[in-house]
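Chemist: Next come the chains, spelled out residue by residue.
2 protein chains.
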Amino acid sequence: MEKNIKIYDSTLRDGAQAEGISFSVEDKIKIVKALDELGVSYIEAGNPGSNPKDLEFFERIKSIELNNTKLTAFGSTRRRNIKVQDDANVKSLLLANSPVVAIFGKSWDFHVTDIINTTLEENLNMIKDTLAFFKEKGKEVVYDAEHFFDGYKANPEYAMKTLKTAIDGGADSLVLCDTNGGCMPNEIYEITKLVVNKYKTEVGIHCHNDCGMAVANSVMAVFAGAKQVQGTYIGFGERCGNANLSTVIGNLQVKNDYECINQENLELITDIARKVAEIANVSLDDKEPYVGRAAFTHKGGMHIDGVNKASKSFEHINPEIVGNERRFLMSEVAGRSTILKKIQKVAPNVKKDSPETIQIMDRLKELEHEGYQFEGAESTFELIIRKNLGKYKPFFKLENFKTIGEKPNESGELTAFAMVKVNVDDKIKMAAAEGDGPVNALDKALRQALEVFYPELKKVHLTDYKVRVLDTKEATAAKVRVLISSTDGKHEWSTVGVSTDIINASLIALIDSIEVKLLRELTKKIKAYI
Amino acid sequence: MEKNIKIYDSTLRDGAQAEGISFSVEDKIKIVKALDELGVSYIEAGNPGSNPKDLEFFERIKSIELNNTKLTAFGSTRRRNIKVQDDANVKSLLLANSPVVAIFGKSWDFHVTDIINTTLEENLNMIKDTLAFFKEKGKEVVYDAEHFFDGYKANPEYAMKTLKTAIDGGADSLVLCDTNGGCMPNEIYEITKLVVNKYKTEVGIHCHNDCGMAVANSVMAVFAGAKQVQGTYIGFGERCGNANLSTVIGNLQVKNDYECINQENLELITDIARKVAEIANVSLDDKEPYVGRAAFTHKGGMHIDGVNKASKSFEHINPEIVGNERRFLMSEVAGRSTILKKIQKVAPNVKKDSPETIQIMDRLKELEHEGYQFEGAESTFELIIRKNLGKYKPFFKLENFKTIGEKPNESGELTAFAMVKVNVDDKIKMAAAEGDGPVNALDKALRQALEVFYPELKKVHLTDYKVRVLDTKEATAAKVRVLISSTDGKHEWSTVGVSTDIINASLIALIDSIEVKLLRELTKKIKAYI
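First to last, the protein sequences are chains Z and E. This note's numbering numbers the first residue of the first sequence as 220 and each following residue consecutively. This note's numbering numbers the first residue of the second sequence as 220 and each following residue consecutively.
What the hints contain is simulated information worked out from the structure, not anything from laboratory work. Warning: the hint list may mix true and false statements.
Since the list gives no way to pick out one identical chain from another, each pair is judged satisfied if it fits inside one copy or across any two copies.
What the hints assert, rightly or not - Straight-line Cα separation of at most 25 angstroms, BS3-like style, residue types lysine-lysine; simulated pairs:
{"#": "1", "residue 1": "LYS249", "residue 2": "LYS678"}
{"#": "2", "residue 1": "LYS709", "residue 2": "LYS561"}
{"#": "3", "residue 1": "LYS698", "residue 2": "LYS621"}
{"#": "4", "residue 1": "LYS412", "residue 2": "LYS474"}
{"#": "5", "residue 1": "LYS380", "residue 2": "LYS289"}
{"#": "6", "residue 1": "LYS743", "residue 2": "LYS383"}
{"#": "7", "residue 1": "LYS272", "residue 2": "LYS584"}
One chain only, chain Z, in its complex shape:
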């Protein structure tokens, strides 16, 4: 189809080149699953030649089935003056065992002669040998023409020759890179068009944001005929970042009728942006196009009035298309229908204008104002609905707790102690534990006390514990949001707590996590009787 565009995500490779971004293997797997669900065509997941941790990832990912995405390993052409099969980087790339490899090579004569110190001729050999080698191994080969636009501007003949050489080597696509991010949209358009007109091989675009134009440049390249867009899902990347793919998808698919992902997945783009940010432990910019919390937020009175009359008066698209929502600051109800759907899971008879709906909406707004966020903490959300509907009775009460922390001694022994007192149907149980830090000690003591009453808790353990400091201006007295994921070996669920005290925030999430498990067990038992 004419308007099919392949989205190529490099969050895990080029994105990891950004300051402050570092992914564990576990993080990488979570991001691959999220992007596969969204339906991007390629995920560039690592550079096994430069980072040995990436090989561990490629090993682990083998057991995971992907539905939409082709995993890609990234590396450079062979080094100068050696045989391709002797190149260490090339060998690591093979070990990744991915169906696709992306090979970058030099297009800019200055880089060939002054940075990698070889001849223009040998650079062409390096491109051709390396691509031919991977084609022979049965790989799909993406050729990243590094600095293509700068190269073209300096020496168009040589830059074009590197592309021709890549085609001769067997490249399945030619990706034109604005590696330094310094090009203007009209240059990108014109040079891309020249390449598209000259060669039959699929052309891609890879832009950086050093002029704040990575998205515009990517879109202009597509208008010029590029069929593949490389970037990172929420714009992570070296220096000013890469083209933000969540914005690119919005621009191409919602506004210009291209097809980048399945149409029905468009409404996932906001959730997945938030999930990727959460995994990377960064805050998604509220102003982010399409997916930011403020992207459809109206503050001015005239704008709110206009949007109420007709949303197109001050919104370029309907926020629901991309799974985002309209917000009016200092005004009533936002996103009521979304929340209604969640309420109806617990109480199917509740309607849009029921007092219960309004009461829950008010409570949610209050909690959001306090710093709560329920993305990725659906279980806390469910408990809030139940509490407000009166469909909830706590399984236990934490009567009291104390923690003590001490200066670690030289041998590095555990330094925190916790005592808890719980009440289950007026039966009291106390327990004490030591741990790595007060939260860990409290977690242990609480389980120890509750397992006496609820042996099913023995199977539960935490799989993730994330801390986000809100409102950093207050520094150590700032609010923190703690997100906990728990598992019983079969299911996984997440809960959230907010407080100025990290111990208290953790406890809120911990208690909810235990309540959710007990509620599920009870529901199972009840269902067995009806």
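Once you have looked at the hints, place chain E on chain Z.
Modeler: Then chain E, alone, in the frame of chain Z:
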């Protein structure tokens, strides 16, 4: 001159429409002074008709002499079916007493008929009457053609007629607004060019960032002949923000030889971006083009190597031109030469192969393996170098501490207590404090004890506190990395600590932060003697 561009900043008006942004009169005056120093042509400083506080500002600003900038008051055309001199908004605009007024009017037929509910004819009268009124009062009049591009796409004839009417009313410039931020760069270019070719009046551009293209669209409009660019200095604005003028200036003046501000002021653009962010109480995005902390930061080994050979290999411009600086991150991928440069700042005689260099490299690897990361924690890095070179003597010893945490009571009182015992030259001081959580309590107690010996610490406070959980598989017993930023009002520095216990990790970073300050004070004193 052909390539003169007027920069029109609306941080104080459109910028204040953003969620979370609100300026006091004092803030506004500070921003006006900063932007005047930079040399923007216009500052749109308020909307006196919709915000009475703005009139106070216009009164206060009269006593301040501006050297480069014309102050502008913003408002709408008169309301329908009344005389212009009877319109309350028009009267408020006059009270502002600014040399320039910006008047916005409707270009999109749908907005005229469906949002402000009047006739297409009356809308033209509203534009003409209002502009003529202000021209008669001797004002320079900027006409903001709201929704011009959407209007042109819907009904080109009517949209053009509104511009002609504005010219007839006496408009000094016609500013084409992409109010909803939904246009593509090629549309902006083509439509702007049509207007530029049709009318002799100066044309301006006003873009929003809903497609992530506000900067690109502004630049394309200039390429099409626009001579005035409206935006906000670091991109604040309704929804996804306005065109970021610090980026626009970089793109036009550094990269395309336009003159937006005096050439010698270019090196101020980074400092002023940071100042505006500081006044607005928001963090400037590290990734911000030209002015962000990471805009010229390199993490990958190959990029660092390339930039060391020739900066243009991975930088589109020299960071010094815009007053920013190059940084190499201390990461797993950073090479020995980067680290050597940092070592040589402390000990200039150490060489690449000195045993000290190798020892420090080994220590860094060890620490990185433990979960340390020195990006953004340059001060901890410096202390490590000093410790390994024997050029370091601690200013104090934390002999002991204890923290106690308790279940919060209903009134939400502070729930943590801390005691510390410090030793400074064998003098012992103990202190106790309560706080929001154990870290906050410890921070307070530690400062209280140390200020007795080092009164210069009184000026120091934390500006940021970040927690990253590493290796989340271990959940509450996982390692945490704490990053702390501190300031003494003049300088800012960052330190890092890693531990399985969040209290301990925080303390490590806190102690380093205090050591750094004391080391700087001592260095100053020594310098005074040599």
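Chemist: Confirm or reject each hint.
Modeler: Okay, the hints, checked on the actual structure:
{"no.": "1", "hint": "LYS249 <-> LYS678", "in the structure": "within (23 angstroms within a copy, 44 angstroms between copies)"}
{"no.": "2", "hint": "LYS709 <-> LYS561", "in the structure": "within (22 angstroms within a copy, 50 angstroms between copies)"}
{"no.": "3", "hint": "LYS698 <-> LYS621", "in the structure": "both (20 angstroms within a copy, 22 angstroms between copies)"}
{"no.": "4", "hint": "LYS412 <-> LYS474", "in the structure": "both (21 angstroms within a copy, 22 angstroms between copies)"}
{"no.": "5", "hint": "LYS380 <-> LYS289", "in the structure": "neither (29 angstroms within a copy, 53 angstroms between copies)"}
{"no.": "6", "hint": "LYS743 <-> LYS383", "in the structure": "neither (64 angstroms within a copy, 61 angstroms between copies)"}
{"no.": "7", "hint": "LYS272 <-> LYS584", "in the structure": "between (42 angstroms within a copy, 15 angstroms between copies)"}
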